[in-house]
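Q: Next come the chains, spelled out residue by residue.
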Amino acid sequence: MTQVTITIEDIPATTQGQIAKIIKFQGQLDESNVDEKAKIIYGVIEQNPQNLYLLMDFEDLEYMNSKSIGYLTDWYGKITEGKGRIVIAKARSNILDILQVVGLTQLINCYNTLDEAKFALLRQDNQG
Amino acid sequence: MPGGILTYYALSALLAFIPALIWLSVLFKKTKKRGLQVIIFLSGIFSVSLIFAMQYFLNLFPQFDIVNFLEAKITDQNAGFIILFIAVGMTEEIVKQAFVRFTDRKFLLIETINDSIQFSLVSALGFSFAENIFYIYSIWTSFGIQQLFIAYLFRSIFTTCAHLIFSGFFGYYYGVAKFSLNIREQSRWTGKKHIIANFLAKIRGISKSQALKEELIIMGLLIAMDLHAIFDFLLQLNQILLVIPFVLIGYLILMHLLKSKAGHLIMVTDVDNQKASTMSKTDEEVVIELVGMWFNEKRYVDVIHICERLLQRDPDNKVVQMFKAQALDKMEHGSIYSKILKKIFPPKQQKSLEKFIKEKNKEGEIQNSSIPPKS
Numbered sequence: 001m002t003q004v005t006i007t008i009e010d011i012p013a014t015t016q017g018q019i020a021k022i023i024k025f026q027g028q029l030d031e032s033n034v035d036e037k038a039k040i041i042y043g044v045i046e047q048n049p050q051n052l053y054l055l056m057d058f059e060d061l062e063y064m065n066s067k068s069i070g071y072l073t074d075w076y077g078k079i080t081e082g083k084g085r086i087v088i089a090k091a092r093s094n095i096l097d098i099l100q101v102v103g104l105t106q107l108i109n110c111y112n113t114l115d116e117a118k119f120a121l122l123r124q125d126n127q128g
Numbered sequence: 129m130p131g132g133i134l135t136y137y138a139l140s141a142l143l144a145f146i147p148a149l150i151w152l153s154v155l156f157k158k159t160k161k162r163g164l165q166v167i168i169f170l171s172g173i174f175s176v177s178l179i180f181a182m183q184y185f186l187n188l189f190p191q192f193d194i195v196n197f198l199e200a201k202i203t204d205q206n207a208g209f210i211i212l213f214i215a216v217g218m219t220e221e222i223v224k225q226a227f228v229r230f231t232d233r234k235f236l237l238i239e240t241i242n243d244s245i246q247f248s249l250v251s252a253l254g255f256s257f258a259e260n261i262f263y264i265y266s267i268w269t270s271f272g273i274q275q276l277f278i279a280y281l282f283r284s285i286f287t288t289c290a291h292l293i294f295s296g297f298f299g300y301y302y303g304v305a306k307f308s309l310n311i312r313e314q315s316r317w318t319g320k321k322h323i324i325a326n327f328l329a330k331i332r333g334i335s336k337s338q339a340l341k342e343e344l345i346i347m348g349l350l351i352a353m354d355l356h357a358i359f360d361f362l363l364q365l366n367q368i369l370l371v372i373p374f375v376l377i378g379y380l381i382l383m384h385l386l387k388s389k390a391g392h393l394i395m396v397t398d399v400d401n402q403k404a405s406t407m408s409k410t411d412e413e414v415v416i417e418l419v420g421m422w423f424n425e426k427r428y429v430d431v432i433h434i435c436e437r438l439l440q441r442d443p444d445n446k447v448v449q450m451f452k453a454q455a456l457d458k459m460e461h462g463s464i465y466s467k468i469l470k471k472i473f474p475p476k477q478q479k480s481l482e483k484f485i486k487e488k489n490k491e492g493e494i495q496n497s498s499i500p501p502k503s
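Chains as they are written, first to last, in the numbering used here: chain A, 1 to 128; chain B, 129 to 503.
The set of hints was computed from the structure by calculation and includes no laboratory data. Model, not experiment: these values are computed from the prediction. One thing to keep in mind: the hints can contain errors.
[To be verified] A short, non-exhaustive set of chain A residues, derived as facing chain B with CB atoms under 7 Å:
no.	residue
1	45
2	66
3	73
4	74
5	94
6	96
7	98
8	101
9	103
Glycine included, each C-beta is placed from N, C-alpha and C at the ideal position.
Based on the provided sequences and hints, a complete structural model is requested.
A: Written out as structure tokens, the structure reads:
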């Protein structure tokens, strides 16, 4: 069974009502662990159904299987329905490649650094 | 009539050729393989002589006539007819298809599933044309020209169409069987299990692809032969009112098969000219697995768009081409039936990836239009 660790940290929000978190993935998401680990993210979304701002740190994520991509799509749907936002930071080139072919990079912005991702995550909508 | 038997046969041939020509022009308005069609048509005509040769042999050596043997054991007349028609159906369908398969092996005739259907239809037309000559001659000489008209019309339209349907289905399954390697590869991503083929592979010690190929060919033969037997049986019972819808429905299903995009895919791979994928195998497999998953979930729009992007990276990937074609078929062919079904069973609206993208793009346009231009 492959291992993956998910750590969640709060980010100080810039706007009232915003709930911002960094979710760091370390390891590989595959058939043996994805269903169990996805529940953690769903739990965060259920606890914060509105104005949830998630930064997914993929720096140490080595592999994503198709199911995890399906989950990512679902998370995007739920978070944006609740007027929230989701961004990805420091994804490896192979993962970016997969996300681009699937079309997810048109929905979820991907950034090379954590600072860029945080800035994009927390910026006001009418800022450039 | 002056000229005797030969004149009757010549005129019968002329009469039989008219519907064959009409069917050929209706079915194959645009085709690049006319030369091959003529050869297959002629082989269909020749295949009738094989049937006659078999009948002649069985008349000479009745001890080999298994059907007669079985009929003698059965007291029920209808059961006897069923056995006869199954035997006739099986023989005729195998013989009609034999030349198509032989020509395909020799000259790589079939590049798409539709090629297989079309050449099977042409062979059936040749067979039906030859059969009609004998029937027209027989009715004309036995009952006169007045009795010929209705029989001629019926044979030209319904019996010929029936032969097309039987051979069309067999041709479809032969086409799918020919590309069983790609079918099997696609099944890997949709999770479809080929239980019979896997069992055949185990007991016969052959590859799973070869077993799937054989399973599909046998299935095609069974369907063709059973439809043929049902048609003959209905005619035997004079159930013309059942024959007509039977043939009409069969024709509609055949046309549906011919119009499918998946059927038009060129499945023959020229390995030397195949372009390499610009994506790593592992990453590509993740995407194809997702495509398979979403195909099963009927997210056809997403499947099509992902396949389009994937084909930019790996244009010669047959499995991806098949997924795209089948998703397009599902969306188009569902139109008539799905409208009715959706009214009765409204589907759960599931947001698709592409819908999200469109909404996001729309939001971006609205935001941009609300930002005042810089002075």
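Q: So, for every hint listed, does it hold in this structure?
A: Tested hints:
1. 45: Status violated, d = 15 Å.
2. 66: holds (4 Å)
3. 73: holds (6 Å)
4. 74: Constraint on residue 74 of chain A not satisfied, violated at 9 Å.
5. 94: holds (5 Å)
6. 96: violated (10 Å)
7. 98: holds (5 Å)
8. 101: holds (5 Å)
9. 103: Holds. Min distance 6 Å.
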